[in-house]
Structures are given as structure tokens and as C-alpha cells.
Amino acid sequence: MKPLNRQRNRIASFYEAEANAYDRKRWSSEAGRRMDQNQRAIVCELAGDCRGKRVLEIGPGTGRFSVELAQSGANLYLTDIASNMLRVTRQRLGEIRLCERSYLVQAEIGSLPFPTGSFDLGVAINVFSHLDDPNRSLSEAARVLRPGGALVVNFPNLWSFYLPIGLIVNLRKRAMLRDVYSHWYSVVEIRRTCELIGLELQRLVGHVHFPNNWGNALVLPLLTNLDRISRDSLLRYFAPTVFIKAVKPLEL
146 MKPLNRQRNR IASFYEAEAN AYDRKRWSSE AGRRMDQNQR AIVCELAGDC RGKRVLEIGP
206 GTGRFSVELA QSGANLYLTD IASNMLRVTR QRLGEIRLCE RSYLVQAEIG SLPFPTGSFD
266 LGVAINVFSH LDDPNRSLSE AARVLRPGGA LVVNFPNLWS FYLPIGLIVN LRKRAMLRDV
326 YSHWYSVVEI RRTCELIGLE LQRLVGHVHF PNNWGNALVL PLLTNLDRIS RDSLLRYFAP
386 TVFIKAVKPL EL
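If you count the sequence shown from 1, you need to add 145 to reach the working numbering.
Accuracy of the hints is not assured; some may be wrong.
Mimicking SDA-like on lysine to any residue, the simulated pairs with C-alpha atoms at most 25 Å apart in a straight line are [what the hints assert, rightly or not]:
{"#": "1", "residue 1": "Lys198", "residue 2": "Leu395"}
{"#": "2", "residue 1": "Lys198", "residue 2": "Glu175"}
{"#": "3", "residue 1": "Lys318", "residue 2": "Glu253"}
{"#": "4", "residue 1": "Lys198", "residue 2": "Val392"}
{"#": "5", "residue 1": "Lys170", "residue 2": "Ser263"}
{"#": "6", "residue 1": "Lys318", "residue 2": "Val392"}
{"#": "7", "residue 1": "Lys198", "residue 2": "Tyr382"}
Quick caveat, the hints were computed from the structure, so don't treat them as lab data. Here the structure is a predicted model, which is why all the values come from computation and not from measurement.
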């Protein structure tokens with residue numbers, strides 16, 4: 146088995162096992178709930194008006210953002226490397242009677258089973274940190290966008306307040322608290338990749354992601370305020386997580 150395929154299989158196995166406990170581990174605490182709300186708000190803002198649009202969400206996980214996109218009127222297509230994550234997402238969409246408007250397929254981002262120019266919007270949240278070939282994956286995500294379509298993704302920012310953690314993660318090629326491949330990127334790297342594959346970086350938003358057990362009555366408000374002022378100020382370049390919106394240029 147090739148090393149890249151072995152890496153992807155490990156990632157798939159990790160999320161197959163995590164599906165049922167994913168939300169409880171990450172978003173059940175007070176800090177986790179605030180992060181979840183903030184991330185949903187950022188994605189909805191960057192996605193914009195989705196009514197009637199064909200939207201592809203890559204790596205929906207447990208459907209946190211899928212629900213928001215479906216409720217906004219999107220014609221939603223979902224693809225994940227882990228079948229159990231798709232099962233949980235299907236259940237979540239079914240609970241709000243939106244599953245019939247959503248198409249779910251198991252696939253990985255490096256080989257999307259859709260024709261070129263199929264979608265108005267692509268969304269991939271908490272995906273790129275686990276990719277061993279981000280250039281190829283971002284290029285494939287851009288391929289399925291129509292000219293003028295947009296891609297919304299996020300990534301852990303290496304040159305952030307959490308630089309020591311990022312350096313350790315990149316050295317170990319593994320997340321700090323979980324046994325899964327992970328890599329942190331610089332804003333310069335992501336900007337260069339967008340330019341290389343022909344995407345125009347339109348918006349960059351900072352987000353201060355913090356451990357969900359940091360619910361201390363003193364620390365949590367400070368981190369919440371830091372997160373708020375990191376959105377669009379110069380601090381966004383040093384935020385631990387960066388969300389971007391990149392646009393595929395119109396054909397001349």
C-alpha cells in the first residue's frame with residue numbers, strides 16, 4: 146500500500162471510530178458550545194446567500210454546518226471519507242426533515258465523483274489540517290466549482306499565538322491529543338497555493354480556537370473577547386485558526 150493511501154486509511158479509521166462521540170467530546174462544554182456557535186456563524190457569513198445554490202460540503206463530519214447550509218435553502222451535496230460520519234449527518238438532517246434535499250456519498254477530497262464546474266459553493270471545514278497533499282486536494286475542490294464559484298475552508302495557523310504547539314504537531318505529524326495525522330499551515334502557504342491553482346483569495350477571517358475544557362470563569366471571557374477582535378483586525382493573521390473564502394475567476 147502506498148504511504149499516502151495508508152495515511153488516508155488511518156484518517157478514515159479514526160473518524161469512523163469517532164463519529165458517535167465526536168460532538169460530545171468537542172462541543173458539550175461551555176467553551177465547546179461557544180466555539181461551535183462561533184464557527185457556525187463564520188461559515189454562514191462566508192457562505193453568504195445559499196438559496197437555490199448547489200453547495201458541496203467536503204468532510205461534513207457530524208453535520209454541524211450541513212444543517213445551517215440546508216436550512217439556508219442550499220441544494221446540498223455531502224461527501225466524507227468516513228461512512229459513520231455520513232450516517233450521523235443523515236440522521237441529523239432527517240431530524241429536521243431536510244435529508245431528502247441532500248445527497249450523500251462516501252469519497253475523499255482528492256478524488257471527488259462530480260463533473261467539473263458542478264457547484265456554486267464548496268465548503269471544507271476542519272479538513273485541510275488532515276491532508277497530506279493539500280495542493281492536490283484544493284485543486285480538486287476548485288475543479289468542481291463553476292467559474293465565479295467560491296470555496297470556504299479553514300486551517301490551523303502555524304504562525305499564531307499557539308506557535309509552539311503548531312511546531313510540535315508538524316514535527317510529530319500528529320494532533321496533540323489525538324492519534325490522527327495533522328499539519329498546521331502558514332497564511333503565506335495557503336495564499337501561495339490559492340494563486341498556484343488559480344483561486345482568488347477574497348476574504349480571510351481569524352478565529353481563536355481553544356480547548357473545550359477551558360471553561361474557567363476568568364479565562365473563557367478573555368479568550369472569547371480575543372476571538373471577537375481577531376475576526377477582521379490585523380490579529381487575524383495570528384489567530385490559531387484561519388477561515389478563507391477563495392473565488393474561482395470567471396472564464397474570459
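Structure-based check of each hint:
Annotation: proposed proximity of Lys198 to Leu395 holds, straight-line Cα distance about 17 Å (limit 25 Å). Distance hint between Lys198 and Glu175 is unfulfilled; the C-alpha atoms sit about 34 Å from each other, more than 25 Å. Restraint check for Lys318 and Glu253: satisfied, since their Cα atoms lie roughly 20 Å apart, inside the 25 Å limit. This hinted pair checks out: Lys198 and Val392 have alpha carbons roughly 15 Å apart, not beyond 25 Å.
Our distance criterion of 25 Å between C-alpha atoms is broken by Lys170 and Ser263, whose separation comes to about 35 Å. At roughly 30 Å between alpha-carbon atoms, Lys318 and Val392 are farther apart than 25 Å, so this suggested pair is violated. Only pairs whose Cα atoms come within 25 Å are accepted, and Lys198 paired with Tyr382 is rejected, the gap being roughly 31 Å.
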